[in-house]
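A.B. asks: Assemble chain B onto chain A, guided by the hints.
These are the residues of each chain, in order.
Number of protein chains: 2
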Amino acid sequence: MSDKIFRVNMTELTVSVEEVPQNWAGLGGRGLTSTIVAAEVPPTCHPLGPNNKLVFAPGLLSGTVAANSGRLSAGAKSPLTGTIKEANAGGTSAQLLARCGCKALIIEGQAKADSWYSLAVTPAGVAISEEKELIGKGNYEVVQTLSKRFESKRGVITIGPAGEMKMEAANISVMDPDGNLRSNGRGGLGAVMGSKRVKFISVDPQGGKVTIADPEAFKQANRAFAKALVDNPVSQTLGTYGTNVLVNVINEAGGLPTRNFTSGQFEGHDKISGETMHDLIEERGGVVKHNCHAGCVIQCSQIYNDANKQYKTSGFEYESIWALGADCCVEDLDDIAEADRLMDDLGIDSIETSVAMGVAMEAGVLPFGDGPGVCRILREEVAKGTALGRIIGNGAGSVGRAFGVTRVPVVKNQAIPAYDPRTVKGMAITYATTPMGADHTAGYAVATNILNVGGSVDPLSKDGQVELSRNLQIATAAIDSTGMCLFIAFAALDDPNCLPRLIDLINARFGINLTGDDVTNLGKTILKTERAFNQAAGFNNADDRLPEFFYNEPLPPHNLVVDFTGEEIDSFWNF
Amino acid sequence: MSDKIFRVNMTELTVSVEEVPQNWAGLGGRGLTSTIVAAEVPPTCHPLGPNNKLVFAPGLLSGTVAANSGRLSAGAKSPLTGTIKEANAGGTSAQLLARCGCKALIIEGQAKADSWYSLAVTPAGVAISEEKELIGKGNYEVVQTLSKRFESKRGVITIGPAGEMKMEAANISVMDPDGNLRSNGRGGLGAVMGSKRVKFISVDPQGGKVTIADPEAFKQANRAFAKALVDNPVSQTLGTYGTNVLVNVINEAGGLPTRNFTSGQFEGHDKISGETMHDLIEERGGVVKHNCHAGCVIQCSQIYNDANKQYKTSGFEYESIWALGADCCVEDLDDIAEADRLMDDLGIDSIETSVAMGVAMEAGVLPFGDGPGVCRILREEVAKGTALGRIIGNGAGSVGRAFGVTRVPVVKNQAIPAYDPRTVKGMAITYATTPMGADHTAGYAVATNILNVGGSVDPLSKDGQVELSRNLQIATAAIDSTGMCLFIAFAALDDPNCLPRLIDLINARFGINLTGDDVTNLGKTILKTERAFNQAAGFNNADDRLPEFFYNEPLPPHNLVVDFTGEEIDSFWNF
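Chains A and B, in that order, are what the protein sequence lines are.
Numbered by my numbering, the letters in the first sequence go through residues 5 to 579 in order.
Numbered by my numbering, the letters in the second sequence go through residues 5 to 579 in order.
Quick caveat, the hints were computed from the structure, so don't treat them as lab data.
Glycine included, C-beta positions come from ideal geometry on N, C-alpha and C.
A short, non-exhaustive set of chain B residues, derived as facing chain A with CB atoms under 10 Å:
| hint | residue |
| --- | --- |
| 1 | Pro46 |
| 2 | His50 |
| 3 | Val412 |
| 4 | Phe543 |
Covered stretches of chain B, going by a simulated chain A footprint (3 or more residues, C-beta under 8 Å):
| hint | stretch |
| --- | --- |
| 5 | 164–175 |
| 6 | 394–404 |
FRET-style restraints, in silico, Cβ to Cβ:
| hint | chain 1 | residue 1 | chain 2 | residue 2 | range |
| --- | --- | --- | --- | --- | --- |
| 7 | B | Lys388 | A | Lys157 | 50 to 58 Å |
| 8 | A | Arg383 | B | Lys388 | 19 to 27 Å |
| 9 | B | Gly570 | A | Gly140 | 40 to 48 Å |
| 10 | B | Asp182 | A | Glu557 | 45 to 53 Å |
| 11 | A | Phe154 | B | Leu464 | 54 to 62 Å |
| 12 | A | Arg383 | B | Ala43 | 45 to 53 Å |
| 13 | A | Pro25 | B | Gly520 | 56 to 64 Å |
| 14 | A | Gln26 | B | Ala546 | 26 to 34 Å |
| 15 | B | Asp467 | A | Phe372 | 57 to 65 Å |
| 16 | A | Lys157 | B | Gly570 | 47 to 55 Å |
In isolation and in its complexed conformation, chain A is listed as follows (with noise of 0.2 Å):
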């Protein structure tokens, strides 16, 4: 059985099963959903309305026993930047997609407003139902009162309140195979699945399996390749301290946003770091190390208990630690455990969500620090919707807007993650240039910059970080197409024997005769396909700066700015 397309049509209702064009043939992930935004979505339509598309690609290798290949990504016009999207999950779904032979799934048109809807995928296709139970009911009942519902296990991609009210920074969450939540959370690519009026979407191989062309070399290579990401140093960290690891690393370089980024440092750290973390996982019978979808060799997820032991939150990552933690100067980690279990709860990206709390408070609509503070707008503004909820629910820039802050951390108003440009100046350029605004997963230069992976560029200075980002953010856009999770990254980085043997894992599944150069012509590829998407929306090279306070206001303990020249930002896409 070949891979199909699947679409669902909300306007009409209906449902059909396609072949796959010749040229989406070799494209899986975020290849495949940029690829398909870009030739279906008209450039300049409104992100919320029946002309914008949303679609789900698991990756190449996604559905196979490949380590680490559980990743789904989704695609569309995002409302928050007005730009193309992808954002990628783990979670059982893409695995369970791939096995239904859907090589993605586009839900496009837009059903009328008086009713919501679910769909379930097979492989036969796609089912449309009325559903009425679970509206406005957060992630977890989901995925509870789902988990009962059916009769088989199933996948579940789901959005919360947010993404039904189509807050700007609502994510899509992937159940987990704990049936707790995974997200697809940067974008807003809830609030479009919420215009759409799909409240959920089932999936279930009924048993179907994905063909590998060649087993024998697909498991050789499998073999090797999960050796070379449980060997690496980077990795063990990850699996024993989480990526919240980071918080005392970029602490101590100097470039943990503080106090909606007006310091580099945070007084309370040692609070909210990962080995303190770490600790109290322990103590309160949590799990340190804990995968988000089945194959995951590293492990870097984690279940966080509450202090009576209870199940608190999972997938608790550094970025939503810092942003609650320093950005919003909230040194008590179970609040931040409160907060981030709300978010995932209603669907809501918590780097943005977060950011947008820290501008809050420079405008005075909470303290800095009020832990319980954010709980409260996210249980009583957020979820109920109000006027407050809204703002807060639209992200960062929105904050900055409705208040008249000045100081607003965003690029093409998506608020810009826990490594500051001007101290990280890798991540300066990564920020500026990526096709999907800030987002520190598009070409990670904190690795290089910081954690000496894949050679050491000094991120102080501004020499050799655009060469450092464009390569990064060419290799990210091809594993992004692969189903893989972006932490191979750092085996791939410093381990010859790493990307070969991905390489020879996806030749093995399709028969096919791939090369490394083939590889990287496809990230630059995705690249070009997704920046001439936002030409054709408007965007422009004035797009690719960052605010204007990045370059004003020099930030301490290094006291540096960002002192990147336009032509120098532009030249990263000489390629």
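C.D. replies: Showing chain B alone in chain A's frame:
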């Protein structure tokens, strides 16, 4: 005494009086504000930060006895649109500033956030004082208090609470000869003044007068010019019914945007029409024909009294009445008048805010037709700066984003006024191309599309509209530089004796020899200067487009859409 540039630095709290640079010498009004903003404001600066500048300039003829020469231009980078912005208003200050020898007043920098200030302009320059009493007060209280505080009669330029709160629709108000309010309405210039921490500016010429190079020629030209204005039939109609005479005219043409731009005709048009208003004003002992500045011979303003024959509002314009009436479906003129007064008092643009209310009605924030609800939101939300108040106070685009509405009538984030571009197609070109964001005054194609002034171009066809809008925008940019009210354009378009006499006036004032071509070239240069600023700020042709729904949703009763191609719109700039 030759005119000078008065400059105030709010960061340093310093003032200076400077010679006029040679290349600014022949400029006034919009020509001068746009030239100064383009020369001195970094195009990518935050509009509410210290690098933006707020510039006031009387017109070339302001301060003289020339008919209708009392408009005051204000300019800056707009917080609403992000573009360069000029908005002009009547009132007494243009003439008084000119009589102070002030060619332009430039306010730069930014005072610290713990104090507010006022500026006092005299022929000697500017004095800065700390202000406490009037902070937080509405515009009516400001002008009433200042009329008592000052011994002599002065001009007053002020912001209301909306400007203090830096709302993006905040305007700047200018006291008129009766001590009431006129507004530099559009684009949020009041927020820029608020960001500088300047509450009000007083203007006292202390007996100063402008010098006329050739008084006899001036007098003769003015007599002929005023006669052309007085004799013009459109001017006469404006004097009788005010601008609100247009309700029935535009409704009949099917271009009266109704119920948030879903129809071109409003069933309740008779209840809010200029004819109805005229009778009601007479019945209640108001004033039908009234001037907003000394020397106006058209007198389109009026004094609108309430049912108890007490003053309610003045300068009660068609566009405001349309927006609350047809667009929000409010059929009670008294509700509309109350809202108009509230907006004047808050210091917020009545077009932007009322169109925002229409979008809020579509979002379900309040029902269509709920006039008292509009007043309640103005009083209890906008005035108090609540979250909802800030969403509304930031304009129609803000409301659309907050509530996920896709039918949002804005260009460059500024609300489209009272002429639907699907039915009055010349206005489609003006809205799309003017560097100001959607602004009917930038090139009032309604004149030739509907009123048969300056010839006749079929409003329902796109033929000839680009050329029409181009000619009008060039002429308007020039007229906006003279200090003249735009309503001289009706006579200028139809009476061959009008425009030459205006040029005679300028020549007699300065002892120069401008020709008609010089004036046309001035208009072209202004437009190109403004566009160059916008391009440097990041705008491009993609921003010169109307929202998607105008291309997709036919407007009853003519059931037309906007059908200009991008190339056709862009050909506007071929001059």
